[in-house]
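Note that the protein sequences, when read in sequence, are chains G and L.
Using the working numbering, the first residue of the first sequence is number 1, and each one after it goes up by one.
Using the working numbering, the first residue of the second sequence is number 1, and each one after it goes up by one.
Don't take every hint at face value.
[Stated by the list, open to error] So the derived list for chain L, only partly shown, Cβ under 8 angstroms to chain G, looks like this:
(1) V61
(2) R65
(3) V68
(4) G72
(5) E75
(6) E89
(7) R94
(8) R97
(9) G130
No lab work stands behind these hints, which were simulated from the structure alone.
Just so you know, these numbers come straight off a predicted model, no measurement behind them.
The C-beta atom is built at its ideal place from N, Cα and C for all residues, glycine as well.
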Amino acid sequence: MVLNEIDAFCVVLPADLCPMTRQHYLRYLAVVDVEGVGYQPVGRYLPFEPSTYLIRTLCVERAVDTVDGTLIVRGQRVTPEAYLQAWRDRLAQPLPLQELAARKQLQAIAVFEWRHSVAIENRKATWVQPPYPTFGELLQARGFSCGAPSHSDLPSIRRLEIDLAAPDGARDAWWADDFLSALSQDDQVITRRVDLRPAQGPGRPDAERSCNLRPAMAGANL
Amino acid sequence: MGHWIEYQAVCFTIPAGLRGAERARFVIALEGGPNNLTERTRSGRERRVRDWYIGMIGTEVQVLRQSVRVAGDCEGMSLRLSGREAAPEAYIRRIRRLLAKPERDVTQHITLRATVPRHHPLVSRAKLFGLAEEQFVDYGEEQSHLHPPCDASGADWGAFFRAVDPFIEDSSVVPNRLGQVWHLPSS
Chain G
1 MVLNEIDAFC VVLPADLCPM TRQHYLRYLA VVDVEGVGYQ PVGRYLPFEP
51 STYLIRTLCV ERAVDTVDGT LIVRGQRVTP EAYLQAWRDR LAQPLPLQEL
101 AARKQLQAIA VFEWRHSVAI ENRKATWVQP PYPTFGELLQ ARGFSCGAPS
151 HSDLPSIRRL EIDLAAPDGA RDAWWADDFL SALSQDDQVI TRRVDLRPAQ
201 GPGRPDAERS CNLRPAMAGA NL
Chain L
1 MGHWIEYQAV CFTIPAGLRG AERARFVIAL EGGPNNLTER TRSGRERRVR
51 DWYIGMIGTE VQVLRQSVRV AGDCEGMSLR LSGREAAPEA YIRRIRRLLA
101 KPERDVTQHI TLRATVPRHH PLVSRAKLFG LAEEQFVDYG EEQSHLHPPC
151 DASGADWGAF FRAVDPFIED SSVVPNRLGQ VWHLPSS
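Work out the full structure: start from the sequences and follow the hints.
Printed below as a string of structure tokens:
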């Protein structure tokens with residue numbers, strides 16, 4: 001199957017994204033639009049990568065498929081060298097997160113689903129000076145009501161969606177991912193990903209997209 | 001931070017017809033080693049450990065695909081060429097240049113033999129193609145060498161490649177587990 005990449009760009013993430021980022025050491029979200037598939041991020045989970053890691057990911061996951069033409073760009077075959085050079089050009093002029101909706105009519109949404117427990121809620125930050133000392137406080141700040149599930153016979157699956165362009169959205173998404181990505185919680189975490197969706201109209205509050213899953217919905221997701 | 005250094009590279013071609021090969025194949029032999037492990041030469045000089053190994057193997061497309069994967073390590077400098085920084089694009093171009101001028105004395109320098117864990121799917125597949133299994137234990141792990149079938153004219157590399165091709169394609173067996181490099185001068 002041939003994948004035709006019809007658009008691609010880099011989104012530069014805020015300098016306060018995580019403890020490792022600074023004004024001159026930023027992280028990026030690489031996005032491709034594949035014909036018949038749509039916009040999707042390059043990489044797994046929350047692929048907020050420094051430029052060097054991004055190029056490495058691009059080599060292994062995308063440029064390798066240009067060799068035999070499994071991946072083409074706007075209908076044309078390209079060499080892996082040219083493909084990588086195009087990404088270097090995009091990294092040199094990345095799209096600010098706040099302009100994603102205006103210039104690409106897209107919203108980048110971090111999506112998390114997990115089987116909720118007190119242990120997860122009480123998980124402490126593993127970095128110094130965190131914006132939220134525990135995952136529970138992050139959830140409360142995002143409009144969650146933490147506590148025991150009302151339907152004890154069903155797994156308490158929770159879903160958190162964060163618009164990366166919202167105030168502190170990218171930062172909170174990174175911290176939510178950090179809280180949920182601990183190895184000991186692997187079987188409790190169902191989804192950590194970034195969705196690229198058509199931009200919504202203005203005025204939709206972020207809290208509307210951060211909700212506890214209804215029991216029926218939770219069952220369906222299982 | 002530790003990194004890998006490639007010192008020398010040689011490309012060999014296995015032309016179609018040689019030892020049963022149905023189409024042309026290439027072997028990129030690399031001399032490399034870690035930056036932070038040293039040994040004493042006979043003259044007493046300390047130098048970084050290095051050895052020859054098969055870095056890439058397969059058809060031209062398979063070799064180029066492997067080179068792009070490896071090239072990613074150049075970004076961030078966990079892979080360097082003779083100790084110097086190189087961009088992934090430069091690394092890929094280097095492999096292209098090697099592929100364009102391959103050496104022909106492959107039988108003098110390359111032995112094909114797969115080495116995988118004893119329960120790897122390649123072991124059962126290899127038997128279908130007549131490869132001989134030699135079991136051994138390496139640091140407590142059960143392993144198998146898989147040798148291509150031999151007759152008076154030498155090893156049947158065609159059967160070897162038919163057996164290992166799917167594993168080269170999906171990168172589940174790395175090239176340096178598919179053979180050995182002999183008699184190339186150390187840098």
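Q.
If you test the structure against every hint from before, which numbers come out violated?
A. 7, 8, 9
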